[in-house]
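Student: For reference, the chains in residue letters:
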Amino acid sequence: MIRSWLKVASFSFAVALIASQLAGQAKPAPAAKSILTAAELTLKKSIGSPQAPITLEIFSDYQCPACQDMYLHTTLPLIDNYVNTGKVYLVHRDFPLDMHPYSHQAARWLNAVAAATTLFEAAEIALYSKQEQWGSTGNIEQTLAGALPAADMNKVRAIELAQRTQLDAAVESDVALGKSRNVNGTPTVFVIQRGHPMVPLPSGPVPYPLLKQYLDSLLQQR
Amino acid sequence: MVEAAPAALSSSAPSASRRRYTTIALLIARIALGAIFVYAAYTKLHYAGAWHLHDYDFIFAFGITSYQMLSLQNALWLARVLPWLEVALGVLLIGGIALRWAGSAATALLLIFMTALARAWMLRLEITCGCFGNQSESPGRELLLDGVLLLLAVSVTAGAFLARCNSRMPNPTRHVTK
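In order, the protein sequences belong to chains A and B.
When we follow the working numbering, the leftmost residue of the first sequence carries the number 1, and every step to the right adds one.
When we follow the working numbering, the leftmost residue of the second sequence carries the number 1, and every step to the right adds one.
Pulled out of the complex, with its shape left as it was, chain A reads as follows:
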């Protein structure tokens, strides 16, 4: 009687072991293993310290010329002078506009970069500085491949392929957030300070010298 029970138990254990092995094989490749939520992706797309006194959330579209202008002439000096010095926490939000044919794809690729690597900033610089090229051909992957190391680019490709749905969902989550805040153009910047209501800046490129004066005055008031 005991022997037959032992047989049943060992058979069940073997079945459970085989089932778990099969389930393990069904899992995606290691590169695409980590499924990030939209919130986790947002964290990976943010630059600086979350403890900074001011948070700037920028809703942008990689194919929009005004966003290119804003990124190259305002965001980059802002990163150097305010984000890297701990004064500002910069949060990127995707807001691809339907008028641009490749902006949804670009947002997905950049989310894949954020999910797979720590090279989000380098990828952003590449896309914005070569916007005219990929904007006419749609060859975003090639543009990124020219800017990222091959090993990282392979990880990005794997994530982009395996988690396209999740990446698109993350982009749509940003778009929904933007719409809930009445964002109707890009770039749109929100200034957030603890204990103060969120302030939307007028939609459009923000000149760095004026933003600098504004941020300095906000920092002085604290």
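Among the hints, a few may not be true.
[What the hints assert, rightly or not] From the structure, some residues in chain A lie toward chain B, with a derived Cβ separation under 8 Å:
| no. | residue |
| --- | --- |
| 1 | ALA66 |
| 2 | VAL199 |
| 3 | PRO200 |
| 4 | PRO202 |
| 5 | SER203 |
| 6 | VAL206 |
| 7 | PRO207 |
| 8 | TYR208 |
| 9 | LEU210 |
| 10 | SER217 |
| 11 | LEU218 |
| 12 | LEU219 |
| 13 | GLN221 |
[What the hints assert, rightly or not] Between beta-carbon pairs, the in silico distance windows are:
| no. | chain 1 | residue 1 | chain 2 | residue 2 | range |
| --- | --- | --- | --- | --- | --- |
| 14 | B | LEU53 | A | GLY86 | 24 to 30 Å |
| 15 | A | ASP168 | B | TRP101 | 29 to 35 Å |
| 16 | A | ASN81 | B | ALA25 | 45 to 51 Å |
| 17 | B | TRP121 | A | ASP168 | 33 to 39 Å |
[Unchecked claim] Some chain A residues flagged as far from chain B (calculated, every beta-carbon gap over 12 Å):
| no. | residue |
| --- | --- |
| 18 | ARG181 |
| 19 | PRO197 |
| 20 | PRO205 |
| 21 | LEU211 |
| 22 | GLN213 |
Note that these hints are calculated values from the structure, not bench results.
Backbone N, C-alpha and C fix where the C-beta goes; we use that ideal spot for every residue, glycine too.
Let chain A serve as the given structure and place chain B on it in line with the hints.
Tutor: For chain B alone, coordinates are given in the frame of chain A:
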């Protein structure tokens, strides 16, 4: 002169009522125009659910710079001054104080706004109008609205100047009674 007297007397009743209607219409126009100026200032000082008396100038200046007409410092100066100028004009118009000057200033201001909007439209600049807060972004619609406001402002100014002229002119009925 004596023959003209009955005609003048007979036409005095309709002209008096017309004058009353005109006075009422101009009163409504100047109150509406004044209220719109005060509202325009309010949207620049109070937005996103709070008063921004300490930083309204920066926020409004971001909109002004999108017109690409002024230097950064001039845009900031204009952003600092304009809402209070709008409040002052609005109060003067509503209160009927210094109406000729307030009307003229409102007309001039609206002409400047319209020129800036038309220029931005012609150059196809992606502007943030800034006319009624930071969320108003349609130059075409704002241009139309400014056109209507300009009509009101011109009417109020013309009415104020005409009223001044009429008060200085001798009253014709006095000659008749004499």
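Student: Indicate, hint by hint, whether the structure satisfies it.
Tutor: Here is how each hint holds up against the structure:
| no. | hint | in the structure |
| --- | --- | --- |
| 1 | ALA66 | 6 Å, holds |
| 2 | VAL199 | 5 Å, holds |
| 3 | PRO200 | 6 Å, holds |
| 4 | PRO202 | 4 Å, holds |
| 5 | SER203 | 6 Å, holds |
| 6 | VAL206 | 6 Å, holds |
| 7 | PRO207 | 6 Å, holds |
| 8 | TYR208 | 10 Å, violated |
| 9 | LEU210 | 6 Å, holds |
| 10 | SER217 | 6 Å, holds |
| 11 | LEU218 | 7 Å, holds |
| 12 | LEU219 | 12 Å, violated |
| 13 | GLN221 | 6 Å, holds |
| 14 | B/LEU53 with A/GLY86: 24 to 30 Å | 28 Å, holds |
| 15 | A/ASP168 with B/TRP101: 29 to 35 Å | 60 Å, violated |
| 16 | A/ASN81 with B/ALA25: 45 to 51 Å | 57 Å, violated |
| 17 | B/TRP121 with A/ASP168: 33 to 39 Å | 36 Å, holds |
| 18 | ARG181 | 10 Å, violated |
| 19 | PRO197 | 5 Å, violated |
| 20 | PRO205 | 8 Å, violated |
| 21 | LEU211 | 8 Å, violated |
| 22 | GLN213 | 7 Å, violated |
Violated hints, listed in ascending order, are 8, 12, 15, 16, 18, 19, 20, 21 and 22; each of the other numbered hints is respected by the structure.
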